[in-house]
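Engineer: Letter by letter, the chains look like this.
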Amino acid sequence: MLTAALAMVIVLPVLGAVSTRFLAPRGVRGTAVAASLAAALMACWAVWAGWATLGVGNRAALFDMAWLPGTSGSGLFGVLLDPLAAVLLLVVTVIGFLTVLYSTSYLREGNRDHAVGPEGQARYYFWLLAFMASMAGVALAPNFLQLFVFWELTTVCSWALISYYRSEKSLRAGFKALLMTHSGGIFFLLAILILFAKTGSFDFDAPSRLDGSLRFWVYGFLMVAAWAKAAQLPFHTWLPDAMEAPTPISAYLHAASMVKAGVFLMARAVSGGWAMPPELGALLAVMALVTVLVALSFYFVQDDLKRLLAYSTIAHLGYVLLGVAMGAMGSQVGFQGGVLHILCHGFGKATLFMCAGAVAYATGTRSISALSGLAKTMPLTAAAFFVGVLAVTGIPPFSCFWSKFMILAGAMRVPGPLGPTILVLLLAESLVAFGWMLHVGQKVFFGAPTEAALMAKDPPGTMKWTLVALMAGSLLVPLVGIPLVHMIGG
Amino acid sequence: MTTVVLLELAVLLLVAGAVVSLALARSLRAAGWTAVAAVGASGLLVWIVVVRTLSSGPDPEATLASIPSIGAALTVHVDALSAVFLATVATIAFLCTLFSVEYMTRFTADGVAKYYPVLQLLIAGIVGVVATSDFFFFLVFWEVMTLTSFFLVIYEGGSPVCQKAGLKYFVVNQGAALAMLAAGLILWRVSGSFHFGALRDALGQLLETRPAVAHLALLLLFLGFATKAGILPMGSWLPDAYPAAPGGAAAFFGGAMTKLGVYGLLRAFLVFLPLSGATVVWGWVIAAAGLGSLFVGTLMALKQDDVKRLMSFHAIGQMGYMFLAIGFGMVLLATDPFLAALGLLGGIFHVLNNALYKSGLFLTAAAVEYRTGERSLAALPGGLGAYMAVTAGCAVVASLAIAGVPPLNGFSSKWLIYATGILGAKESTLLPVATLAAMFISLVTLASFLKYLGGTFLGVPRKNDPPREVSVSMQLPQIVLALACLAFGLFPAVPLGFVHQAVASLPSASGVPALGALLGDGSGLGVARAGVEMAIWAPLPVAAVLVLLGLFCYRGIQRAGDAPIREVQVWTCGEEVRPEEYRYPPGSFYRPFKEAFSGIYPKAAWRPPPFPVPLRRILDPDAWLYLPLVRGVERAARGVSRTHVGVPQVYLLWMVVGVVAVVAILLLAGS
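Protein chains in written order, with my numbering: chain A, 1 to 490; chain B, 1 to 671.
Any given hint could turn out to be false.
Claimed, not checked - EDC-like cross-link-like pairs, simulated, lysine to aspartate or glutamate; straight-line CA separation at most 16 Å:
#1 B:Lys114 x B:Glu156
#2 A:Lys198 x A:Asp211
#3 B:Lys164 x B:Asp240
#4 A:Lys376 x A:Asp458
#5 A:Lys443 x A:Asp303
#6 A:Lys376 x B:Glu156
#7 A:Lys376 x B:Asp110
#8 A:Lys443 x B:Glu156
#9 B:Lys168 x B:Asp110
These are computed hints drawn from the structure, not numbers from a lab.
Work out the full structure: start from the sequences and follow the hints.
Structural biologist: See the structure below:
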């Protein structure tokens, strides 16, 4: 039963995607409704599945296929729902649904930032739903092979979605994202080739069966793949450029889900057999720390609201990887905190992106210096933006506080001087980032209203409800997330 | 009902009140009265908890939720110390909310949707801070408090001053909270739990094994709480933030919220820190910080022109007194518990007294602002006493109380502090020296409040368009606070009984003598040691003598002079001068002081260094790695495509060349 439901989580959006193709001639409305319905059903199923995971633990259904001779271990294809998968699945489906909902109002003629007519919308929903299906596939993959397949599918979908507007800049950005994340994917492929050649298995715990130096290389390659996908140093340059995508796409792909696939891979690899060499864990942690600080240094020169958020995303993916790395260094709490951060940051950052979208929708600009005094005319967006800032920078009781705190606590469990160093640097980053985000929020929403601000309005219909839902999510997800992550590794 | 149920209900009421007042926000007054009802009802529940705790001891600890992986649990435990602070917060919160109902009608443009709901959540957050016995959730509630108060500070978000004040407030306090969080994590590394008791054990253990780390944790805790309390130099956010908030909120900040810095300090240094050599060391640090703040803060207050800013600097100065007293107490705790108890009593009693007169003063300033629209002493017309008699009377009482004029409450707590310092002379001569400085500052306090009273309420009343007294709902809180100042001054023994319970509930100060042994059993205070009276303060007789003396001066001198009372113009040597022109403006008060102390609190200008350009270049691998790589590939591809010329002869030539090459290779490989 559960297996069928889980399979449907992948199949349903595919069906939805295909149906958008057929519904397209009948007008935008039908396409949008069909897409929303498919996404909603998918989210419901996923939430139910996540609920079923609580207190039960792993559930897997695997099917073998006579394809590769010499495979040992469990089946080649299937679904696996454990707490880790449930966390990603929740992010992917719930925020995915909200993204579709938001898009139905965002892709309109009245959009001052980028008016979108009825033509081409079917393409948008097709790729969006296809992306959701691939992300669900990533979340539910029972082994590295299936994970790899869906991982590459997300790359393809992301290329199409970033280039959606088909302007020169967006085509370039899409291509750049494709190239860079796919180059990372090659390392992933290398890793699973080694894995298969040596152990005959693609299982998540297979790397633990490798001996010393090979294990080192496999984890190293997986790490490079994760860095590229999650826009970590030195592969961080594609993400800010990908902001050419429509804002709901940025919110979904580049804050909540696709970049999370990278950190999810690392979480899978580490928790598979808890066999990642601690030295590599330390390297991962140091790189994550450097990424966090480097991303922070880019905050102060950004004028485009979305680019600022993109750098913030890079920093927060660093946080997740830091937590995951702590898991490799023997700190269970840090690992759980990192995984929880996937969920908490997903909601917080999606809120911020959707607000940036609402601002651009109403005023036609995303330039921080050109915006001022929007709170008067857009109170709901202002409230959501501040909730997003507080959630992302980790002010209790909002979401990221809980995950950040677990990561910080995890750092205290890391032996040697690395732990306190991480603690001090993360606290400093938190404070500076918080100060800057708050400053930007005040600049954009308070102060003397500009002419554009006086004409602006809170966004229409479904966009508004999306913001409300995301605000609630930014406050409440830890209630779901904390029990889920407590089941990991325990 | 148990403590925890009562507090849950109180918080629930506040949250419900927040929601309802948000829904009713279109009507300024309806939202206000909803808030008053919610805050009042929850205040009542809190008071039930307080009375029960102080009369029959604390209820056992209750656990509401827990996060086992980090050893945190939402525990509720109200001991006598928490009870004293809960009572203060509940009372001040109710009075400030009541005051706000009419006051907030000033802000028709801004509305109250961002005032009452936030205020009620703030109160709920503070109840959480004081009621929990788990440091993790203490921090969570602490941040809720900072967060909500931030939105009150930026209430008038339109003005850049307000925004800047809000940003500074939040960032500085967030930094302080992160420092406390780091301290908590350092202790947690040892204990594995955030429970207050576990942290005490952890700190004790660390002091023995790794004293440097223990002192680092204590330093972080000190920085965190001192920042919240407004201790300089960390507290320089305070004089910017409080004036920016609306009057009722500013009064609540000054009267109740700042005090939580003291609460945290007591928790950190008398609960977490076991009685040891470190207690003495940190006692000196705290006393020194207090002395510095009361000195600089109060002198800065003297030269302020904005009334609310003047009072904010006094908030810093007064906080200095509390820190000084608690520092005295900690220094003496190990060697002389008797005197230490006096110091701690004085410090905590000063918290209560300060809550009363400080919020009272902020309310009077807000009432004046409400009627005149002015906060600047230079711009205030003066002579308001003739029209706003109640406000003026309350302002006089509260001003005299803060300056420590007997028989008001400020005097009784200061008396305890001074007694500790002077009697502590045999421990260290530094104590009486610090005490002398504090006494001098009391004078400065009086001087600066004479400026406020003189500039606002005295002087020739303005005849045209005179302001009216504020409404009853705005008067009532002021009157209650002024009367409380008087009552606490005349009968200090009653509140001191509760304060003594609070002191005795602190694990590190559990050895203090009983109240009777400390201060006698009468209505006044008498410090007697081994049967020898060392200091006595008897407020009732002194007050009686003062009243009689006053009446005598007023009546007796008048009658002796037999002078009739006449209403005449001020004689200006026959020249035509308007009253405004010969009025001595408040700005000219204490000009020599201003000049002498102009640089006492220097303003440091700091600009962040520019980001190094080479590093910026390195951090952009697009420019030096990826783009060149892609271009290289592109160029290579173009090179290959150049071979495709579309001429069949050329392709044939290539084939011939290829065949020759293959044959050559075969031949070479064969030989």
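Engineer: Hint by hint, where does the structure go against what was stated? Just the numbers, ascending.
Structural biologist: The structure conflicts with hint 9 only, although it agrees with all the remaining ones.
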